[in-house]
Amino acid sequence: MKIEIQITSAPITAPKLTEEFSGSAGAVAEFSGNVRDLENGQKISALEYDAYSPMAENQMRQILESLAEKHPCLVVRVIHRIGVIPVGETAIYVGIIGKHRGEAFALLAEFMNRLKQDVPIWKIGARLCAEHQPQHSKNLQGSSNILRAAAGSSTTAALSSLDEAITTISAHCQPLPGVRVNFSEAAGRVLSETVCATEDFPACERSTRDGFAILRDDISETFSIMDTLHAADWKPRQLKLGEAVRVATGASLPCENLRVVMQENVERTGDSIEIVRRDESLNIRQRGEEMRVGTMVLATGAKLNAGALALLATIGHTQPLVNPKLRVLHLTTGDEIISPDQKPQPGQIRDSNSILIRTLLEQFQCDVIQKHLPEDFDEAKRTIETFNLQPSTFNLLLVSGGASVGDKDFTHPLLEWLGFEIIFNRVNIRPGAPLIFGVAGPRVAFGLPGNPLSHFVVFHFAVATALALLSGGTAPKFLRGKLASKLDDASCPRETLWPAQAEGGALQPLPWASSGDVTCLAMTNTLLRVPANCASLAAGAEIDFLPADF
Amino acid sequence: MAMRFLLFAQVKDAVGAAGLDLQISGSPDAAELWRTLIAAEPKLAAFQSSTRLARNGEYADAKTIFSDNDEVALIPPVSGG
Chain A
1 MKIEIQITSA PITAPKLTEE FSGSAGAVAE FSGNVRDLEN GQKISALEYD AYSPMAENQM
61 RQILESLAEK HPCLVVRVIH RIGVIPVGET AIYVGIIGKH RGEAFALLAE FMNRLKQDVP
121 IWKIGARLCA EHQPQHSKNL QGSSNILRAA AGSSTTAALS SLDEAITTIS AHCQPLPGVR
181 VNFSEAAGRV LSETVCATED FPACERSTRD GFAILRDDIS ETFSIMDTLH AADWKPRQLK
241 LGEAVRVATG ASLPCENLRV VMQENVERTG DSIEIVRRDE SLNIRQRGEE MRVGTMVLAT
301 GAKLNAGALA LLATIGHTQP LVNPKLRVLH LTTGDEIISP DQKPQPGQIR DSNSILIRTL
361 LEQFQCDVIQ KHLPEDFDEA KRTIETFNLQ PSTFNLLLVS GGASVGDKDF THPLLEWLGF
421 EIIFNRVNIR PGAPLIFGVA GPRVAFGLPG NPLSHFVVFH FAVATALALL SGGTAPKFLR
481 GKLASKLDDA SCPRETLWPA QAEGGALQPL PWASSGDVTC LAMTNTLLRV PANCASLAAG
541 AEIDFLPADF
Chain B
1 MAMRFLLFAQ VKDAVGAAGL DLQISGSPDA AELWRTLIAA EPKLAAFQSS TRLARNGEYA
61 DAKTIFSDND EVALIPPVSG G
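Residue numbers (my numbering), protein chains in the order written: chain A, 1 to 550; chain B, 1 to 81.
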């Protein structure tokens with residue numbers, strides 16, 4: 001029996017058994033084992049495999065040789081893929097050529113059973129599925145995105161990459177059930193249903209020009225004007241040869257099979273016209289030309305902007321099903337924080353995070369409750385109880401400050417006390433590394449690093465992703481652009497989301513000194529994704545960026 | 001003499017390395033290798049009951065004797081296919 005074994009990290013693309021056994025080979029049995037979209041009950045987008053390749057090949061060969069004694073076949077080819085394998089792609093291919101189907105089937109089935117017992121190949125991780133995959137998940141081969149399924153692993157991953165953080169957040173944020181609202185209150189909300197046209201639009205043929213409607217194939221030279229139709233008129237009549245009707249732009253045409261001759265192309269004498277120039281165009285908007293009854297005009301997930309609302313108005317869909325307003329609880333911490341209308345004593349600073357977060361949240365149509373907590377953990381807990389800030393009544397919880405590991409940084413225990421499971425507590429990024437993410441059923445929580453620039457950065461890649469997905473929309477996407485000027489970095493070992501100003505299509509990096517830099521923040525409308533260990537980027541260099549202009 | 005152990009999957013994640021170099025004396029069997037492994041890396045105790053040892057690409061059994069030129073691998077339960 002001829003045995004071919006291959007362990008590869010390349011995709012397995014429809015291998016064909018092309019051996020010259022056409023005379024004796026009565027059976028060709030092929031099996032592809034593909035990556036399914038569910039692993040341990042969780043939606044995934046990929047699996048990662050590892051192998052002890054020399055031994056795995058050796059084991060497969062021994063298994064096949066021993067099985068060949070019981071089920072002799074002519075050829076066996078096995079290809080096992082390792083590395084990251086996206087859902088739907090093939091992890092293992094087994095092709096067998098035999099004399100009869102009996103041996104081929106038996107060999108195939110027994111080989112697969114033995115493989116799963118003895119061949120040193122492992123699924124070492126699953127990539128959790130984001131319902132709306134961020135666009136930059138293109139670097140699927142990067143194992144940094146893989147959530148390791150380590151034995152006895154703690155649920156708290158110590159350090160996430162930016163991609164991994166976004167993927168993890170996305171996996172935990174499911175759209176909430178929709179509510180019906182009047183379309184006049186629906187601006188900025190996300191549609192939770194598919195909307196179809198209930199009638200043809202336009203409902204009848206309309207003129208696109210000021211001119212004269214005549215029969216489409218009428219070659220008369222002069223025409224009698226029978227009537228005049230304005231945009232609002234509805235006066236059906238069957239035109240005859242030599243008859244014309246004066247029509248305004250937008251007027252409903254009186255019958256079918258017409259053309260409209262532009263008024264510039266006729267000469268009028270009293271109640272008759274003569275066509276002086278003919279052209280091919282009909283100058284008619286056909287019935288249902290824009291939408292036919294039943295065609296989908298807006299899909300689930302569409303953001304109801306001005307144009308979408310105009311469309312809903314056009315078709316009379318005045319009670320759309322949209323995402324509910326998200327309820328957000330924002331807790332601030334730190335005894336050094338005072339109200340912005342007060343004068344700080346030494347050691348005190350004005351609270352800029354509250355207005356920053358409130359303003360950013362309002363772009364997402366959230367209902368926001370904000371509360372300042374005392375720095376003592378027990379007092380903070382009492383405050384939450386006193387004000388009855390039940391986290392179960394909020395969709396999203398944000399805690400500002402206290403995300404580091406100092407004595408008074410109680411965000412982590414606070415979130416756990418409130419019933420959240422901490423999914424990660426650090427992201428390998430600057431600014432904003434000490435970001436905490438927790439979940440409690442459908443609710444999610446973020447512990448935001450203390451200063452305003454970190455808040456801004458973390459909001460745009462993490463909180464905005466959660467808000468968009470909880471609303472049923474799509475997560476913010478990184479786009480590709482060009483630097484307007486040279487970017488000098490101190491070669492940071494972490495990825496950086498660098499404040500910048502997008503103007504006229506070019507990205508101008510802004511100088512910033514520390515993660516507390518608010519003067520820079522005031523000009524920022526874009527975040528540049530600067531790779532780790534990148535000393536500088538030349539003007540004109542291409543770079544990923546995240547719009548941050550709301 | 002130093003012996004190189006290859007680690008995979010859960011074991012690799014638990015130890016945080018793909019290999020371990022440990023001092024071995026004499027001609028140990030599997031039980032003695034496990035004692036050495038666990039002494040050096042106590043986390044491995046949790047994997048002993050489910051993990052097989054392989055010597056030069058072949059599963060070892062209780063009678064297998066190892067020597068310093070062998071490639072030894074710890075094979076936790078496999079999950080290929």
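Watch out, some of these pointers could steer you wrong.
[To be verified] Just the calculated beta-carbon pair ranges, DEER-fashion: (1) Ala440/A with Tyr59/B: 44 to 52 Å; (2) Pro344/A with Ile38/B: 56 to 64 Å; (3) Ala39/B with Ile3/A: 36 to 44 Å; (4) Arg327/A with Arg4/B: 36 to 44 Å; (5) Gln62/A with Ile65/B: 16 to 24 Å; (6) Asp378/A with Ala39/B: 55 to 63 Å; (7) Lys63/B with Ile3/A: 25 to 33 Å; (8) Ala46/B with Lys43/A: 27 to 35 Å; (9) Met112/A with Asp29/B: 39 to 47 Å; (10) Arg61/A with Lys63/B: 19 to 27 Å; (11) Arg35/B with His100/A: 26 to 34 Å; (12) Lys63/B with Ile5/A: 24 to 32 Å; (13) Lys477/A with Asn56/B: 45 to 53 Å.
[Said to hold, decoys possible] Straight-line distance between alpha carbons at most 27 Å, and here's what the computed DSS-like set of lysine-lysine pairs gives: (14) Lys303/A with Lys43/A; (15) Lys43/B with Lys12/B; (16) Lys116/A with Lys43/A; (17) Lys12/B with Lys43/A; (18) Lys70/A with Lys2/A; (19) Lys2/A with Lys99/A; (20) Lys12/B with Lys116/A; (21) Lys99/A with Lys70/A; (22) Lys63/B with Lys240/A; (23) Lys477/A with Lys325/A; (24) Lys63/B with Lys2/A; (25) Lys43/B with Lys63/B; (26) Lys325/A with Lys303/A; (27) Lys63/B with Lys12/B; (28) Lys63/B with Lys123/A; (29) Lys371/A with Lys381/A; (30) Lys43/B with Lys123/A; (31) Lys486/A with Lys43/A.
Worth flagging that the hints you see were computed from the coordinates, not collected in a lab.
C-beta: ideal position from N, C-alpha, C; glycine also.
* Could you work out which earlier hints the structure fails to respect and list their numbers in ascending sequence? => Violated: hints 4, 6, 9, 11, 22, 24, 28 and 31.
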